[in-house]
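Protein chains in written order, with numbering that gives the first Met the number 0: chain A, 0 to 603; chain B, 0 to 572.
Treat the hints with care, since some could be wrong.
Straight-line C-alpha distance at most 20 Å; calculated SDA-like pairs for lysine to any residue [claimed, not checked]: (1) B:70 to A:341; (2) A:83 to A:247; (3) B:68 to A:498; (4) B:460 to B:505; (5) A:508 to B:43.
Source of the hints: derived by calculation from the structure; they are not laboratory data.
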Amino acid sequence: MLQLQVMNSPFNQEQAELLNRLLPTLTETQSLWLSGYLAAIQSSSLQAAPAVEERPAPAAAPAIPKEVTILFGSQTGNAQNLAKKTGKTLEDRGFQVTVSAMSDFKPNNLKKVKNLLIVVSTHGEGDPPDNALTFHEFVHGKRAPKMEDFRYSVLALGDSSYEFFCQTGKDFDKRLEELGGIRITPRVDCDLDFEEPAAEWAEAVLAGLSEGESSSPSPAAAASVSASAPAESVYSRSNPFRAEVLENLNLNGRGSNKETRHLEISLEGSGLTYQPGDSLGVYPENDPELVDLLLAEMSWDPEEAVRVKEETVTLKEALTAHFEITVLTKPLVEKAAKLSGNEDLHLLVSDSNQLKSYMNGRDLIDLVRDFKPWNSSAQEFVSILRKMPARLYSISSSFEANPDEVHLTIGAVRYDAHGRERKGVCSILCAERLQPGDTLPVFIQHNENFKLPENPDTPIIMVGPGTGIAPFRSFMQDREESGADGKSWLFFGDQHFVTDFLYQTEWQKWLKDGVLSKLDVAFSRDGDEKVYVQHRMQENSKELFQWLQEGAAVYICGDGKNMAHDVHNTLIDIIEKEGGISRDQALEYLADMQKNKRYQRDVY
Amino acid sequence: MVNPNLKAPDGPPSDVEGIKDRSNYLRGTLEEVMQDRISAGIPDDDNRLMKHHGSYLQDDRDLRNERQKQKLEPAYQFMLRLRLPGGVATPEQWLVVDDLAEKYGNGTLKLTTRQTFQMHGILKWNMKKTIQAIHSTMLDTIAACGDVNRNVMCISNPDQSEIHSEVYELAKMLSNDLLPRTRAYHEIWLDEEKVAGSPEVDEEVEPMYGPLYLPRKFKIGIAVPPSNDIDVFSQDLGFIAIVENGKLAGFNVAIGGGMGFSHGDKATYPQLSKVIGFVTPDKIYEVAEKVITIQRDYGNRSVRKNARFKYTVDRLGLETVMVELENRLGWKLDEARGFKFDTNGDRYGWVKGVRGKWHFTMFIEGGRVADFEGYKLKTALREIAKVHKGDFRLTANQNLIIGSVSTKDKAKIEALINEYGLTDGSRYSALRRGSMACVALPTCGLAMAEAERYLPVLVDKIEEIVDEAGLRNEEITIRMTGCPNGCARHALGEIGFIGKAVGKYNMYLGAAFDGSRLSKMYRENIGEEEILNELRAILPRYARERQDGEHFGDFVVRAGIIEATTDGTNFHD
């Protein structure tokens, strides 16, 4: 029998040695069986795969593929999607991959992991996403194991307009090194347009893992992956669907301080579907007034041709649809400084505190006005701009109840800063310019971390003040459509009852019909004292705790700055008080709920 | 005592009778539904009961369609009407009501055609606070609406202030003594503790009204000739003061008046009351009580639009009712005394009454007290209330009297009147001063067309015709309502308009200037252009052909432009 060597076979040294030891010991029957077995798994489909587990091959299984664990921490689902995509790529290349949310991963198993990939986003003031909190804490704590022969790499997602850009990714990267890890490839920090850098990172990871290894693709694995993938739309984040707007109205009554747009958008012909809790990504266009202002400020010719990736478009088009002009980021200002002859700008970027305070509330027009002269071409200038990021909005409709439609609930953002009225790019597009019949580039952003309980009988408690109401409208439509029997309880709040009770008549009807079991509302500016949703929760603490004891799942959606914290603390208070347990036990109770997906948040 | 030959009309009781019956003396589930936070409205049944508490649910009809699209419920809000016998309020009370309108209402006050305050736009959760504040200033809203005796009206004419104070006290007494006795109002709004104990017996709770109250609203007014400012013949029960030798001798009693009717239903019609006799002042409560019990026992409880006392009187016959009344009284009325009315309007400007007190009657267009562009009426009246030591009198023509001003204080009040440009009405045409309109759109649920918001605009245009005809100082009453229920007593306006649809009105002519004859429909369902065309023909003719002192309403009858309505029963002929 041929002696296998690295040179004359696709096997590496270790595999060749194992095979050389094994093969001569086989009987003829065993050899026949094995060759048939190998042939079978090569052409096998998904159905055959479990058979492998049920009837493991005798000792001489083929070379063990490299095990890779991918852990993600995701708020909006981007990190999760990237983790899964990377997992698929690695599986295609023959790796044995485990993809898991950090919250689903047993920390004690960390020491068994040899190859770890972390895909994690950062939000707020450098905070980890909800489902990364516990793992982040564990890894940074005393109980984190020292690890040997451990390789890792981090893909960090973030938004460079925030001070603590990609902070959670940086945390993991640094800490895993301290614990003894060796980087497969250096960490990559992604801004809002994460797709390309993320793909490059995945390539580099693959190359790193494959160094000196067999990297021939396994057709079996490839087949199984494609078979298991659901029929997916051709439209995605990188290939958005131009969806027609069917309806666009203001939900706030006359005299309100607020403007909340209700959009109904057609998905007809896109093949796009979604679940309650998912988000819709929207690529907006900049305010034409702002674009004109910028063009005038720079004395640029709107018709000048510029290159954007592989395309050539007019400068006006580039500034309208391709680039972000309403936010200043540190990298942008630093790059801009190189194009400016203005000493003050050079001074500004050298002082990070000054820079931070300058960027706050200012946009590109402020920058180009404040730091003249600019000695760059339009092409040079647009090349430093950030790609127009997609806006994600929690979907406020159920696909089952509104086939081929998706509804959004968008709060119009307007405020004054530095002597000029500032407008939210997407929300004001919707409020002021978007008409029924117009189209918007959209894609579906699945969010596994905000889902109705699988069991339709499970009670749900929904806390969604303001536009936080959106996913709960979707929940109710879905439960109404499916005839789910589980109890449901909504806490809603806003400024004024008369003008700001979003979807009021729908909630009244659901309550009347019994689709919604309980409804409590708080309007902060109607009375002498400000009343918020958490006060209504406190008032109902006994019954609320009763629901928790019955297994209710709690959902919070809306403002992440104050509301989510206040509601979170109120929940702990209620559990502590009504459960008659200590604060620590109450924290544990809630952590346990979170782990069992009975406490989910979609905050922004 | 009860006459077995008399009976109420047959037929199943109307829905409202059932609601009253089940309400446990006007309680219903009001306490509970007022606390519900999910809707600013209340269920219909409770809203029916709410009327007896002086309020009912409305919505801003201007916003109805818009809000429906916005997935918002109608802009529900409560109208709250005070009980203010004879329309007299103290300056302190004025300030409280003024403040409540700002704080919880829509920032304005409506002075009604029944001499009281009406506030609009009060949200459900502010109702209790509002009623409690009203209570704290010794006022209430009990029975301001509903199937009970309403706010008792009485003359505001300041010329005869001695008589005024005497009849005002009687009006107040009637209003108080004819109130429902249930404690529902006090429990629901004023947190009075419920009295536990034996189940209530009807005779104990409501000795006069009984558990079903009246078949329909009931209105009482007291007039002092020659002024018929309260339109005494439009009341279910009217008292006409007879003054002899400067003293109040007593009252002629008139029964069976009322304004409301329904478009297209000739079984409904406005009617004027008829004088049936004379009583001395000490007897008027007794007369009122017995008249009310006749209506309680024989009024129509099956068909609400035929339930007013006027239909009871017309059905049973005036004679029969008189006999029944005298039976119930146990004594006979004296023969009616002679009297003469000259106008149902107000007299404007300063007047000196007895004891050296001054009274200033001012024109309030549409009865609306608000701060307008360039005319800060509400602020002005608030500033006056802060220094005023007399009283305020709301007139039946939606106007206001700053009453009982001492000579010493007159300059101070006059300075404020001048500072804010308040007017005694002389800057307006006599036609405008004689105008009256109900609220109608956007808050009244019954309105088919505009009234308060539109009449001033229409009058602007009619004034051109009036000026051209040289009639600027000729007093002509003009009244507009948004529906035929007649809150602005349209059938007693010399020119009357009743809303049919948005922008369309039935036009009425021929009512008497002193309120003694109803009008008749002249044109049906016409718009502004046609209204103006008609008046362009008639008004100049009146200017040319009228006899000395002849009023417009009398002229159109004499000239054959319209046939006189001699009784409510031939109003539609």
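Which numbered conditions among the earlier hints are violated in the structure presented, ordered from lowest to highest?
1, 2
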